[in-house]
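Trainee: Single-letter residue listing:
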Amino acid sequence: MVEVSCDTLQRASQGDIEAFEQLYKAASGFVYNVAFRVTRNSADAEEVTQDVFMKIYHNLKGFQFRSAFKTWVYRVTMNTAINYYRRSRGEKHDRVDYESVSGSVPDASSTAETIIQHDNETRLAVLLDMLSPEHKSCVLLREIEGLSYQEIAATLQIPVNTVRSRLKRAREALLEKAGKGPV
Amino acid sequence: MTCKKIQGLLKSDYLDGELSREVTQEITEHLKLCADCRRLKEELEAARMLFQKATRHQPPERVWQNIREAIIQERLTEESRESRPLRERVTERFWLPRPAFALASVCTAIVLVVLASGLIKTRQPQGTETDQQNMAEYRLGDGNDELASGLGTTIEEYFL
Chain A
1 MVEVSCDTLQ RASQGDIEAF EQLYKAASGF VYNVAFRVTR NSADAEEVTQ
51 DVFMKIYHNL KGFQFRSAFK TWVYRVTMNT AINYYRRSRG EKHDRVDYES
101 VSGSVPDASS TAETIIQHDN ETRLAVLLDM LSPEHKSCVL LREIEGLSYQ
151 EIAATLQIPV NTVRSRLKRA REALLEKAGK GPV
Chain B
1 MTCKKIQGLL KSDYLDGELS REVTQEITEH LKLCADCRRL KEELEAARML
51 FQKATRHQPP ERVWQNIREA IIQERLTEES RESRPLRERV TERFWLPRPA
101 FALASVCTAI VLVVLASGLI KTRQPQGTET DQQNMAEYRL GDGNDELASG
151 LGTTIEEYFL
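Those sequence lines, one after another, are chains A and B. Each residue of the first sequence is one higher than the one before, counting from 1 in the working numbering. Each residue of the second sequence is one higher than the one before, counting from 1 in the working numbering.
Hints should not be assumed to be uniformly reliable.
[What the hints assert, rightly or not] No farther apart than 25 Å at their CA atoms in a straight line, the calculated lysine-lysine pairs in the PhoX-like style are these:
| # | chain 1 | residue 1 | chain 2 | residue 2 |
| --- | --- | --- | --- | --- |
| 1 | A | Lys55 | B | Lys53 |
| 2 | A | Lys168 | B | Lys53 |
| 3 | A | Lys168 | B | Lys32 |
| 4 | B | Lys5 | A | Lys177 |
| 5 | A | Lys168 | B | Lys4 |
| 6 | B | Lys4 | A | Lys177 |
| 7 | B | Lys5 | B | Lys32 |
| 8 | B | Lys4 | B | Lys32 |
| 9 | A | Lys177 | B | Lys53 |
| 10 | B | Lys53 | A | Lys25 |
| 11 | A | Lys61 | A | Lys25 |
| 12 | A | Lys25 | A | Lys55 |
Rather than coming from a laboratory, the hints here were simulated on the basis of the structure. Keep in mind it's a predicted model, so treat the numbers as computed, not measured.
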């Protein structure tokens with residue numbers, strides 16, 4: 001997530017919509033990417049992103065410092081995405097994300113790079129899908145968003161040791177699924 | 001450090017750069033000598049590559065447009081609410097819909113009837129009242145009665 005200046009935060013909290021747009025541009029990439037990885041489809045990821053930013057808009061006045069703001073955005077995003085996924089899982093149990101299946105399937109004109117990328121995405125989706133929401137959260141924040149243990153702990157409001165053990169277990173599970181198994 | 005401990009650290013702190021320089025160096029030296037731990041490290045790094053090559057998904061432009069429209073709509077609604085006369089805002093706040101008002105009226109009427117019937121019942125016939133007075137006097141005359149020891153009410157003590 002790109003850093004946001006205190007001035008931008010201040011103006012956005014006072015209702016300046018252009019400042020809020022700057023804030024959106026700084027944070028939307030992170031929010032949407034995490035939402036997409038958790039919900040597994042773009043339509044839900046869009047709804048989650050809109051939901052997150054409306055929450056930010058309604059509650060911005062209480063945040064003045066960059067570090068607190070970043071952690072808060074992470075937290076709202078994870079909670080909103082996970083809640084949305086859990087709620088929709090019951091409604092759309094066997095729903096297939098046609099976009100991921102049909103839209104990005106390589107065809108005869110695809111380059112080798114596209115094919116490799118598609119294969120990578122498919123493998124990643126399969127691996128992430130087998131993790132529990134708690135483990136998936138830690139892995140996403142660490143591996144894709146590059147947050148430190150402290151930042152993950154602050155975002156998920158869990159101890160650092162819990163972050164450590166969840167990452168360890170998630171990686172053991174991923175290795176086992178990938179056919180490596182425990183050493 | 002044992003292989004078990006090192007492998008635990010490989011799956012967490014070592015891979016994530018959360019260890020001190022000394023411990024990292026110790027593990028690095030161990031990896032030069034231990035094929036099992038070295039293989040685990042390579043497998044973990046290969047798995048990590050999947051994440052590093054992951055596509056970063058960006059939201060479409062319509063997401064911001066929807067958010068912007070929602071914010072503008074909220075502001076318009078708020079402004080139109082505040083621009084109405086005070087009397088209208090107060091009326092809206094305290095106005096009850098017809099069915100609710102009718103229900104409130106019926107409940108009030110029932111409560112009034114119950115209270116009124118309760119008041120009627122408390123008016124005793126003359127004979128009954130005299131008997132109760134006699135009972136009270138009998139009680140007041142009982143030496144063991146707690147009223148005789150001054151624990152009665154002010155009114156009863158007045159009549160002693």
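Trainee: Compare the distance between the alpha carbons of lysine 177/A and lysine 53/B with 25 Å, and conclude whether the hinted pair is satisfied.
Mentor: holds, 19 Å
Trainee: Is the Cα-Cα distance between lysine 61/A and lysine 25/A 25 Å or less?
Mentor: holds, 19 Å
Trainee: Compare the distance between the alpha carbons of lysine 5/B and lysine 177/A with 25 Å, and conclude whether the hinted pair is satisfied.
Mentor: Holds, at roughly 22 Å.
Trainee: Compare the distance between the alpha carbons of lysine 168/A and lysine 32/B with 25 Å, and conclude whether the hinted pair is satisfied.
Mentor: holds, 22 Å
Trainee: Between lysine 4/B and lysine 177/A, is the straight-line Cα distance small enough, at 25 Å or below?
Mentor: holds, 21 Å
Trainee: Can the restraint linking lysine 168/A and lysine 53/B be considered satisfied, given a maximum Cα separation of 25 Å?
Mentor: holds, 21 Å
Trainee: Is lysine 168/A close enough to lysine 4/B, meaning Cα to Cα at most 25 Å?
Mentor: Since the Cα atoms of lysine 168/A and lysine 4/B sit roughly 13 Å apart, the hinted pair holds (cutoff 25 Å).
Trainee: So if I understand the rule, the pair passes when the alpha-carbon distance is 25 Å or less; does lysine 5/B with lysine 32/B pass?
Mentor: Holds, at about 16 Å.
Trainee: Given the hinted pair lysine 53/B and lysine 25/A, is their alpha-carbon gap at most 25 Å?
Mentor: Answer holds: lysine 53/B to lysine 25/A is near 23 Å, not above 25 Å.
Trainee: Please verify whether lysine 4/B and lysine 32/B have alpha carbons no more than 25 Å apart.
Mentor: holds, 16 Å
Trainee: Need the status of pair lysine 25/A, lysine 55/A: alpha-carbon distance at most 25 Å?
Mentor: holds, 16 Å
Trainee: Does the alpha-carbon distance linking lysine 55/A and lysine 53/B stay inside the 25 Å limit?
Mentor: violated, 31 Å
In the structure shown, a violation is registered for the earlier hint numbered 1 alone.
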